[in-house]
Amino acid sequence: MKNLGRIVAATALALGVSTYAARGQDIKIGMSGPTSGAEAYFGNTWMNGAEMAIKEVNEAGGIAGRKVVLVRQDDQGDPKQGTLVAQRFCDDDGMQAVIAHFNSGVTIPASDVYNRCAMPQVTNSSNPKVTAAGYKNLFRPIANDYMQGGIPADYAVDVLKAKTTAIVHDKQAFGQGVSDVFKTQFEKRGGKVTSYSGVSATDVDFSAVITKLKTENPDVVFYGGTMPGVALFVKQMRALGMKSTFFAADPAFLPDFIKTAGESVAAGSIVSFQAPPYDSTSALREFAKKYQELWKDAPGSYSAYGYNEAKIILEAMARAKPLGRETIVAELQKTNTKGLTGTIEFTDKGELKEPAVFLYKVADGKFVLSFPTE
Amino acid sequence: LLIDVMTAFLLQQLINALTVGSIYALIALGYTMVYGVLKLINFAHSELFMLGAYGAFFLMAVLIGPVGGPLPALIVTLVFFATFVLIGLLGVAIERTAYRPLRHSSRLAPMLSALGMAIILQNAVMLLAGRKPIVYAPIFSANPIDLAGAVFTENQVMIVVIAVCLMLLLTWFIHGTRLGIRIRAVSENGVTAQLLGINIDRTISLIFFIGPGLGALAGILYASYYGVATFSMGFIVGMKAFTAAILGGIGSIPGAMLGGFLLGLLEVFGAGLLPILTSGSIGPEYRDIFAFAILIVVLVFRPAGLLGEAISEESLVYKRDF
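Order-wise, the sequence lines are chains A and B.
Its first residue numbered 1, the first sequence is counted upward by one per residue in the working numbering.
Its first residue numbered 1, the second sequence is counted upward by one per residue in the working numbering.
Everything labelled a hint here was simulated from the structure, so no lab data went into it.
Keep in mind that the hints are not guaranteed to be accurate.
What the hints assert, rightly or not - A few chain A positions that, by computed beta-carbon distances, are all more than 10 Å from chain B:
1) Y41
2) D154
3) V157
4) L160
5) K163
6) Y196
7) S301
What the hints assert, rightly or not - Mimicking DSSO-like on lysine-lysine, the simulated pairs with C-alpha atoms at most 27 Å apart in a straight line are:
8) K289/A with K67/A
9) K39/B with K366/A
10) K136/A with K353/A
11) K361/A with K39/B
12) K243/A with K366/A
13) K192/A with K243/A
14) K349/A with K338/A
15) K132/B with K171/A
16) K296/A with K366/A
17) K366/A with K290/A
18) K129/A with K338/A
19) K80/A with K132/B
20) K67/A with K290/A
21) K259/A with K132/B
22) K129/A with K80/A
What the hints assert, rightly or not - DEER-style ranges, computed between Cβ atoms:
23) K171/A with L10/B: 47 to 53 Å
24) D146/B with N336/A: 32 to 38 Å
25) T77/B with K129/A: 49 to 55 Å
Cβ atoms here follow ideal geometry from the backbone N, Cα and C, with glycine treated the same way.
The following block holds chain A by itself, in its conformation from the complex (with noise of 0.2 Å):
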């Protein structure tokens, strides 16, 4: 019954969508992710982010007098819901660009049927995988996991003097990626990696490992890797004596991660994230203040990479002459502009050219902004 439901709903929402095509002269952006389910916060916050751009334009008198409209769809971060999206998207002749999806494992598949239509595709999702397949019409304004091993690097040297560094992986693509990363990049600025070793993902026992690392008393530790093992990891290092400064990627951004590490314990690691608070530059500030009184409620950690992926889709539109979906992927190529993380520019493979990530460090309980800071 759920699923006639949904066929149902969507039937509805298709018919809708196409009178809707039939009747004016609007601009259709199709926007697709989770809506419902766990991660619904996530989904719709980055959802409203992106709203924001496009009223701005609306406001502004629309793209070459026309209005633009969001069309929202939710895939509930399933693959299958995603692909269907996807097809009803690209059977939509209204429809110019789409910005879609919000989970890895649903763009991967999805960006298959908008290559097929040649349909502009701005994506959220960060797994290095999505731009694997070379898509010319895939755009990611948004740093890919991996990325998360370069910034860190520069940090430890430029900022904690760092010379020496162990780094420890859980074997897994994720973790080993974002390690290796690291690793190329600190040794690119001089620094010496004291060792590289690897752990099983589903490890919590790192005592022998630790305790081979504390004779190598590196400067910096890097664990590349997931929760449990990240804050085991960050526990089992101070209560074997190891004072090296930790660092993390983002699966430890979390309250869990300072929770089983313990808060003293925590305290100091640098984790990554790829979103900015809300408070750290005057264009966020605005950016939060505006949210704030359109939804009341504060912005969602995606929300301003929402804006974001609509703001550069509505300056490729802008500047496409004649309107359509090949132009549009030919101007957002070309992409060259400011947006609220930092420019947005984009290398042959739809990735960003300075991708923006976030250090955080623990304190209090807390992860505080250490870099970037304005």
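With chain A held as given, fit chain B onto it using these hints.
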């Protein structure tokens, strides 16, 4: 100075090995006792280990509310005792419902039943308590103690002390009490034991009370040491403990203890010393490969394990008979 550093390093690794080894040994006892009597590999044992951690967690939550740190000795003893009894009774119930009706069928049937039981228990906990790991407060103080450069916590000392005490207690129970004599008799030859007036069913129930009870206590020690418990924690640890039981000689109680400590040492050696000895060309990721390679070598030369009784035609026949 170099010698000091090396001594501290070796001492530290030895302490690491003892801690994890004593937990393996406690769990291995459950596998080995059941195997010794029924020639059955109780796959559900690893889930009873996990249930011990969860059981104690909820027991503490009910009894004293949220735990924020080390607890008074009385409460710890109480929680340990209650968990032992609770999970022990669960073990007995599992044997009654899932294994006993199949005892006289093929060897394969109870084993599949055990696998099914493991899946049921794991999924039940996943559904009831959620997939998210639960944060486990340390039951004992985590104050570091410095010994010649090696650092360990009171928590670790307590784990080793409790595990060794339990093992001594079990050894005394098996060798020094009448109930222990029954267990040994049934383990040696069930049919003869029955002829001599020993109630086999009750003895088996007793084994299914003690084994899971010990496993459950290991679960508490493990979760409180690492500070986290997950519904799937039993699988890997159970596999390691099962390996320890085989290494020591499955069916043999001292063998399980020896196997546990030995596996702990092998793992720590593989992760901590091998990378140094090979100057980094064999990384700590080879830990399990190293440990299992040693297991294979041991089994090639001693198929029954280090302390296991040699398997003869006769002993197989006896044990299949009941």
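Consistency of the hints with the structure:
1. Y41: 17 Å, holds
2. D154: 26 Å, holds
3. V157: 23 Å, holds
4. L160: 24 Å, holds
5. K163: 19 Å, holds
6. Y196: 8 Å, violated
7. S301: Holds: least Cβ distance 19 Å, greater than 10 Å.
8. K289/A with K67/A: 25 Å, holds
9. K39/B with K366/A: 53 Å, violated
10. K136/A with K353/A: Holds - the C-alpha atoms of K353/A and K136/A are around 16 Å apart, at most 27 Å.
11. K361/A with K39/B: 55 Å, violated
12. K243/A with K366/A: Status holds; Cα separation ~20 Å.
13. K192/A with K243/A: With Cα atoms ~18 Å apart, K192/A and K243/A stay inside 27 Å; holds.
14. K349/A with K338/A: 20 Å, holds
15. K132/B with K171/A: 22 Å, holds
16. K296/A with K366/A: Within the cut-off at roughly 25 Å; holds.
17. K366/A with K290/A: 26 Å, holds
18. K129/A with K338/A: 26 Å, holds
19. K80/A with K132/B: 25 Å, holds
20. K67/A with K290/A: 21 Å, holds
21. K259/A with K132/B: With a Cα-Cα distance of about 13 Å, the restraint between K259/A and K132/B holds, given a limit of 27 Å.
22. K129/A with K80/A: With a Cα-Cα distance of about 18 Å, the restraint between K129/A and K80/A holds, given a limit of 27 Å.
23. K171/A with L10/B: 47 to 53 Å: 27 Å, violated
24. D146/B with N336/A: 32 to 38 Å: 58 Å, violated
25. T77/B with K129/A: 49 to 55 Å: Given range 49 to 55 Å: holds, Cβ gap about 52 Å.
When held up to the earlier numbered hints, the structure conflicts with 6, 9, 11, 23, 24 and fits the remainder.
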